[in-house]
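Assemble the whole structure, with the sequences as input and the hints as a guide.
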Amino acid sequence: MIEFFRVLQFIVENGIIILTIFIFGSYTALAIFSAIAMLRYMRKNSFVDYNVLLSSPLAPSISLIAPAFNEGKTIVDNIRSLLSLHYNDYEVIIINDGSTDDSLNKVIKAYDLVPVKLLYEEKLKTKPIKAIYKSRNKAFSKLVVIDKENGGKADALNAGINLTQKEYISAIDVDSILVEDALLIMAKPFLEESGHKIIASGGVIRIANSCKIEDGHITEVRLPKNFLARIQVLEYTRAFLMGRMAWSKLNGLLLISGAFGMFNRDVVINCGGYNTDLVGEDMELIVRMRRYMAERKEKYRVIYIPDPLCWTEVPSKLKVLVRQRDRWTRGTMESLFKHFKLFFNPRYKSLGLLGHPYWFFLEWLAPIIEFIGIVYFIIIAILGYPNWPFFFLLLATVYLFAITLSFWAVLFEELSFHRYNKRREVVKMLFTSLLEPILFHPVVLFSTLRGNFKFFIGEKTWGKMERQGFEENDNNKVNEVEGEHPESIESPETVSK
Amino acid sequence: MKKLTTMTKGKVSIKIFLAITGLLLASFQVSAMADTAIETSNESIISPMPEIGESGSAILAIAEEPEASENLSLWQKFENRYHQAGLKVKILVVIVIYLLFSLILLLLYILINRTIKTRERKQASEIKGIYQDELTSFLFGEENQTFEFTGINHEINRDIFINELLSLHNNLYGEAATRLRDLYFNLELYKDSLRKVNYRKWNLKAKGFRELAQMDVKDANRDIARYINSRDGILRMESQLALVKLNEEDPLGFLDNLKYELTEWEQVNIHNTLDYHQIHIESFDRWMTSENHSVVIFATRLTGLYKHIHSWPQVLSLLEHENPKVRQVAVKTLDMLEVAENAGPLKDIYQQDQRLEEKNDDAFYNLNMDRNRMAAIEAMASIATPADLTFMEQVLKTEKDFKILKRAVAIIAGITPGGPELLDQVFERADPELRKIIEITKQTAAQ
Chain A
40 MIEFFRVLQF IVENGIIILT IFIFGSYTAL AIFSAIAMLR YMRKNSFVDY NVLLSSPLAP
100 SISLIAPAFN EGKTIVDNIR SLLSLHYNDY EVIIINDGST DDSLNKVIKA YDLVPVKLLY
160 EEKLKTKPIK AIYKSRNKAF SKLVVIDKEN GGKADALNAG INLTQKEYIS AIDVDSILVE
220 DALLIMAKPF LEESGHKIIA SGGVIRIANS CKIEDGHITE VRLPKNFLAR IQVLEYTRAF
280 LMGRMAWSKL NGLLLISGAF GMFNRDVVIN CGGYNTDLVG EDMELIVRMR RYMAERKEKY
340 RVIYIPDPLC WTEVPSKLKV LVRQRDRWTR GTMESLFKHF KLFFNPRYKS LGLLGHPYWF
400 FLEWLAPIIE FIGIVYFIII AILGYPNWPF FFLLLATVYL FAITLSFWAV LFEELSFHRY
460 NKRREVVKML FTSLLEPILF HPVVLFSTLR GNFKFFIGEK TWGKMERQGF EENDNNKVNE
520 VEGEHPESIE SPETVSK
Chain B
5 MKKLTTMTKG KVSIKIFLAI TGLLLASFQV SAMADTAIET SNESIISPMP EIGESGSAIL
65 AIAEEPEASE NLSLWQKFEN RYHQAGLKVK ILVVIVIYLL FSLILLLLYI LINRTIKTRE
125 RKQASEIKGI YQDELTSFLF GEENQTFEFT GINHEINRDI FINELLSLHN NLYGEAATRL
185 RDLYFNLELY KDSLRKVNYR KWNLKAKGFR ELAQMDVKDA NRDIARYINS RDGILRMESQ
245 LALVKLNEED PLGFLDNLKY ELTEWEQVNI HNTLDYHQIH IESFDRWMTS ENHSVVIFAT
305 RLTGLYKHIH SWPQVLSLLE HENPKVRQVA VKTLDMLEVA ENAGPLKDIY QQDQRLEEKN
365 DDAFYNLNMD RNRMAAIEAM ASIATPADLT FMEQVLKTEK DFKILKRAVA IIAGITPGGP
425 ELLDQVFERA DPELRKIIEI TKQTAAQ
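Heads up: the protein sequence lines correspond to chains A and B, in order. For the first sequence, the numbering used here gives the first residue as 40, with consecutive numbering after it. For the second sequence, the numbering used here gives the first residue as 5, with consecutive numbering after it.
I should point out that these hints are in silico values taken from the structure, not numbers from a laboratory. Treat each hint with caution, since some may be false.
[Stated by the list, open to error] List time: in silico DSS-like cross-link candidates among lysine-lysine, alpha-carbon distance up to 27 Å:
no. : chain 1 : residue 1 : chain 2 : residue 2
1   : A       : K83       : B       : K126
2   : B       : K401      : A       : K338
3   : A       : K83       : B       : K263
4   : A       : K205      : B       : K404
5   : B       : K401      : A       : K251
6   : A       : K205      : B       : K311
7   : B       : K263      : A       : K288
8   : B       : K401      : A       : K236
9   : B       : K126      : A       : K336
10  : A       : K288      : B       : K205
11  : B       : K446      : A       : K236
12  : A       : K162      : B       : K407
13  : B       : K121      : A       : K169
14  : B       : K446      : B       : K401
15  : B       : K263      : A       : K251
16  : A       : K166      : B       : K404
17  : A       : K169      : B       : K263
18  : A       : K205      : B       : K126
So, in structure tokens, the structure goes:
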């Protein structure tokens, strides 16, 4: 019996320690890479005048594609905000994906829409389209509305991609708030391609809970009052400023948030568009696009822009958060397993040797190993064998490391975009980071395990997303969206930290 | 006048932080190396097996040696235990101490940095305000009046002053702009800008380029031209933009020697500079034979944008270019030039690229071919006559790309006489897709 315990002890403990060292090392390396890349970006950016694109006949054309499902409460304002972006050659395609509320009627009335006959090729299969609308008012000439049968977010995006003739497509969540220069900033990397094709670019997603919003624009950035939302600010800052920046530098980005990303239309179509059978279609598309380029031996890059271009609402209720993270986990697993061929495959270079294995071990496997570690410890605690001093020493190490990462993230934010102006807000963020590993992490771990369980039993539901609605933040009114239009995968790589 | 000495404090505190971090890391390494020989027992989350059930804290219990524990200080006890512990414990202890230290330092740095930054911003904005007022008084004052600018000899203030002067100059024209330029020279601020060009840091160099270009310091031409082929993209672009402005005789002369690809972003910026400063260039022909294909593309684009109809033969010759992207830009440029004689060559390029696509399976190559054919058809829109109907009918028969078909049908519908009649004839024998295109095009035209 003792011999058995020795073997078990050796395997479990050494495995966990090796993984812990690997995680510590990876995060530290990513943070260093990010810091270097960020510094360079900030300096480089001080020489950039995005306004040259505004009037340039050489600027590329862009199509903003926004699927909408039962967004009647905010859709008119959201469209107005999208139509007022600073860019010349762009169109806004709204896809009403079989909404059961009055979204379509509201939009038709507000923008004076009439049905039109438009010829387009159905390169990507979608659910039938009932009608296409354009405005009689020239002021809204950039707007196109597609009314189609419900087929889910991916299907709606594919319908928009079929219709557009523009060079680049930008997929967004209709309820996200874009900063006015978002398209100018997002388009720039595509113009900088030299020797390699830029297939996609993605920006930072920032949290809009508690922010002051007027006419669809953020007018005052505030730290969320809700504790859960505040923790997510920290989590997003860590993931976007410290993680993705480094991955972009290493050309290993596997995810562009569906809340706001820009893609080369031709590559998306050649790859077959969004996969309608998956819950994590945003991540899977990027992996497929990268795989497609690598298999064709084309030089390519996926670019990440650290500027805060898109603001979105995050769950402020535990139940909704658990559902969201559960879905993110399934989305991650779908992409990892569907493209398992990439795993340590040198043919795919950074994608196969870095990106895929990293996500496999640190995003998918790490929470499972963590769970095994917890179960293991509970068993030895029940049996009365724990070595408490060593346990507390390990716990202190992990806890302090987690907090240090969060502190670094706050520092990155302070030295880069400095969006939270009040000193009190920074102190609150630091204090929140002390509580995050104790209060937030277990919830995320539970959601991840639930996602794993659901994945293996083959469940593919999206679940119900509840949104407070930006205007009702303080009144706690809830806008429920049920069906197949969840918010996008924002930052699954933040899970488990 | 307040001096912005606090600006350097941030940098010092970063250095202190890095130094302490470095020391801690070094101590960690030394201690880890020195202790590798020490026994590593009791380093498990489970108590050592022989002691199972006896003690739950075996790791640190090693240090519980009775003899000295009573007389030793807390630190000495800790030290003893540390030295007797195994390697893993030592590593963990060092990591915990390091993390604790770094947390405290980070906390202090974040809070102090916030205070310093707030103060710096306040001071900088105060100084900016002072300089804005002084520069305004200077502009509206007497021409021969002597002006003193507060604290201008201080390095940081001088930099703020240059920024304000340039920003004001950027928004002014005519006499006011000239007065500011004279002031820039009289105060010898150009020396500051020239000095920046020789700094090692790329961002300062680039800033220097901008300042010199804006103030038309033509003497800097040679210094700036050295960076045309810099490996640093920003330096390269900033030097290009500066030369466009400074090299009056040959603003785009640098294109002759450009070794790197001229990115579209650079093209947008150069075109914007040409437009903004109303720089006129007679012809872009000489760059249409460049070995650098991006230069050929840019020159061809500019030919179209500035409607250089006299360059039509050169653009036409590019239809034979080996690079499909160059051919595509050439077709688009021909469209912009709207020369009636284009029809023949456009038909040829359409047919040539159709043949090339048929021979090739590569999706990206064919995408370029599709684009070229589309550009050729698009260009036909402005010049097509009834004489081109036979060619257009051929397009409907052989073309597989939906977008090109759609466009070709629309062009035919607009050719009178004969276009609508041809569509009626084609409709009878067309496949369902083409029928639908013709049907909807006619309906749209009727509306």
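Quick rundown of the hints versus the structure:
The hinted pair formed by K83/A and K126/B meets the criterion: a straight-line CA distance of about 25 Å does not exceed 27 Å. For the given pair, K401/B sits about 36 Å from K338/A by alpha-carbon distance, which is inconsistent with the 27 Å threshold. Of the pairs offered as hints, the one joining K83/A and K263/B holds, with about 22 Å between alpha carbons and a cut-off of 27 Å not exceeded. This hinted pair checks out: K205/A and K404/B have alpha carbons roughly 20 Å apart, not beyond 27 Å.
Distance hint between K401/B and K251/A is unfulfilled; the C-alpha atoms sit about 59 Å from each other, more than 27 Å. For the proposed pair K205/A and K311/B, the alpha carbon gap of about 25 Å is at most 27 Å, so the pair holds. As the CA atoms of K263/B and K288/A are separated by approximately 25 Å, the hinted pair is consistent with the 27 Å bound. With a C-alpha separation of about 34 Å, the suggested pair K401/B and K236/A falls outside the 27 Å cut-off, and the hint is violated.
About 53 Å separates the Cα atoms of K126/B and K336/A, which puts this hinted pair outside 27 Å; it is violated. Proposed proximity of K288/A and K205/B is supported: the alpha carbons are some 21 Å apart, at most 27 Å. A C-alpha spacing of about 39 Å is found between K446/B and K236/A, which places the hinted pair above 27 Å, so the restraint is violated. With a C-alpha separation of about 11 Å, the suggested pair K162/A and K407/B falls inside the 27 Å cut-off, and the hint holds.
For a cut-off of 27 Å, the pair hint linking K121/B to K169/A is broken: about 56 Å separates their Cα positions. A threshold of 27 Å between alpha carbons decides the hint, and for K446/B with K401/B the separation of about 19 Å falls inside it, so the pair holds. Between K263/B and K251/A the CA atoms are separated by roughly 50 Å; this puts the pair beyond 27 Å, and the hint is violated. Pair hint K166/A plus K404/B holds up; C-alpha atoms about 24 Å apart against a cutoff of 27 Å.
This hinted pair does not check out: K169/A and K263/B have alpha carbons roughly 53 Å apart, beyond 27 Å. Between K205/A and K126/B the CA atoms are separated by roughly 45 Å; this puts the pair beyond 27 Å, and the hint is violated.
Comparing the model with each numbered hint stated earlier shows that hints 2, 5, 8, 9, 11, 13, 15, 17 and 18 do not hold.
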